[in-house]
Amino acid sequence: MVDLKVQIAPGVVLKNPVLTASGTFGYGREYAPYFDISKLGAIISKGLSLQPKTGNPGVRITETACGMLNAIGLENIGVERFLADELPILQELRATVIVNIFGNNQDEYAALAAKLDGVAGIAALEINISCPNVKAGGIQFGTDPRAAAKLVAAVRKKTSSPLITKLSPNVSDIVAVAKAVEEAGSDSLSLINTLLGMAVDLDRKRPVLGNVTGGLSGPAIKPIALCMVYQVARAVSIPVIGIGGIVSVRDALEFLLAGATAIEVGTASFINPRTAGEIVTGIENYLDDKGYNRVTDFIGSLAI
Amino acid sequence: MYLFNTEVIYKQKLSQDIYRLRLRATKDFCRAAAPGKFVMLGTDDSFFDPLLRRPFGICRWGENWFEVIIKVVGKGSCQLSGLEKGASVAVHGPLGNGYPKDELESEQKSLFLVAGGMGIASIASHLFSALDCNQSLTGTFLLYGAASYSELILLDELTAASALGLKMQTITDDGSCGCQGLVTQLLTNELQKHPQSQVFACGPEPMLRSVQKILQKAECDGFLSLENRMACGFGVCLGCVQTVLSKNSETGVEMAKVCTQGPVFPAQQVVF
Ligand SMILES: Cc1cc2nc3c(=O)[nH]c(=O)nc-3n(C[C@H](O)[C@H](O)[C@H](O)COP(=O)(O)OP(=O)(O)OC[C@H]3O[C@@H](n4cnc5c(N)ncnc54)[C@H](O)[C@@H]3O)c2cc1C
Ligand SMILES: Cc1cc2nc3c(=O)[nH]c(=O)nc-3n(C[C@H](O)[C@H](O)[C@H](O)COP(=O)(O)O)c2cc1C
Ligand code: FES
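Residue numbers (our numbering), protein chains in the order written: chain L, 1 to 304; chain H, 305 to 576.
Only chain L is shown next, with the shape it has when bound in the complex (with noise of 0.2 angstroms):
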């Protein structure tokens, strides 16, 4: 049998290259009763901040061509209650759990970090800087090389935890920007976050979205996802997971080969909540078949 243990940052072997999407899977339990979510390399939480947030008002999601809008504003019960209420039953669960992160200024992202360290039960950070619906929140993080490294930074001093950097896709250069946070002190990269979109409604003459825009995910978004992995991958030496419309075994695989040490399945658990967990067994029925000892033989080996 292949082994399929990666690990994704100092210290963190996941037993499989297959993790959740942070704001596609709940706060994990919602899961469990379609499938065992501990068989899963990591769950990753909905994006939490230090207090709770109620979301965007008016319509939140749409569908657009194989893919969809979403424009849901971070809405969160926020770190207190998370803790509280939700990582128990996730360690009950016996989930590997990563938790996601995003504050309204660098401030926000520290304290964070600094409140869930040393936690018992979180494996590592995941910070979002690059969430495009809310103001502040993220995105203005995501789009300066400089900017993404000072808040790495900061977050770096205030956490031991193992962290890994959500890089945004609406910028001209994600090379530089992953380059940068590596450099601040970044365990890893995770790539893509959604791609800013809109939807319009002819007949009624307003924008789709209460948010007017939104972020792209889904099967649409792959290619540009794949390549992003591909060229962050060759340009920097921390792992890399890789994010964007992966809904089969198949793409996960591709985003392996590419380059991507593990993977986030997203839009596609809304679609089938089983796709997580179908992908792990995918991963290793091709594996078996192709004769391989371990997933990390196969990770990068894309022969160009």
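Be aware that a few hints might be false.
[To be verified] Here are the simulated lysine to aspartate or glutamate pairs, EDC-like style, with alpha carbons at most 16 angstroms apart: (1) L:K53 - H:E558; (2) L:K53 - H:E554; (3) L:K15 - L:E278.
In case anyone wonders, no lab produced these hints; they're calculated from the structure. Note that the coordinates shown come from a computational prediction; the quantities given were computed from them, not determined experimentally.
Assemble the complex: chain L is given as a structure, and chain H with the ligands must be docked to it using the hints.
Just chain H with the ligands, lined up with the frame of chain L:
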């Protein structure tokens, strides 16, 4: 809830652009079905186009089947309603809270079921469940409005429910069947004759807003079944939220997930 692939066992055209599909299901699924609950449906070989599954009310069910009624409004409903007998369908459900049951058991009150347009699919689930269990519908009134006669569906079956005591009135925007006007006018009139009634309503948002006002004025209890856009249907995407009054929140309101906390809400709780 259950997640499975199944097949169409029967299909019927109900009007120009409305279809009924009967799908095979397990006994467990059927036991979990209840009026007002829904399923997320997808064609299982869709290659993710359309991407997301679509929500439809469980309109009727038996031991090992259930039915949905689908109006064609876009890509997803077009593809699903185009399926023929034997075609496979991916099902996730039953989802949602459904209409409150105990409200029905208080026999003193009259029950008004108010349906606008495709809201009938949700509302009719009550009547079918009564028909299939041979329950009395005495004291139950159906007020059913649609744009025109051709959009009024299920009339034969609804008429059958009158043998169990159901009283029914129809109304159309263009007067092509029943009186001319809006279903909310019927409700206003009836609540004057029957104060202290219970009301369940499903239909387009403007109609539900109007029902809410009528109920408030008549000091009547009622429940509204909402149809917000959904991506997941089981509480994880936060895409379907509706602002509702909440005692637990400092601001007095909260964002409720229509798919799991609803789709049926106490009428006065909804903040449109
Ligand atoms: C709980 C619930 C129960 C439902 N039950 C039924 C039912 O029994 N029968 C039935 O025919 N329909 C029902 N609907 C509505 C049905 O889900 C939508 O019509 C369907 O998803 C549209 O998909 P589409 O791909 O055909 O349209 P799309 O291409 O997605 O959209 C076509 C048009 O419809 C609008 N639209 C899409 N979804 C909604 C929505 N949820 N609310 C308002 N406007 C929308 C879009 O803005 C667009 O103008 C229900 C919805 C919910 C949430
Ligand atoms: C409804 C929704 C909510 C999301 N919320 C978050 C979030 O809170 N934090 C975050 O970092 N990313 C969030 N994302 C982005 C996803 O984690 C992921 O990066 C993106 O959807 C691309 O992957 P996909 O195409 O597989 O969905 C969200 C995406 C969706 C669709
Ligand atoms: S549809 Fe996803 S939370 Fe309700």
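Status of the hints after comparison with the structure:
1. L:K53 - H:E558: holds, 11 angstroms
2. L:K53 - H:E554: Within the cut-off at roughly 12 angstroms; holds.
3. L:K15 - L:E278: Since the Cα atoms of K15 of chain L and E278 of chain L sit roughly 15 angstroms apart, the hinted pair holds (cutoff 16 angstroms).
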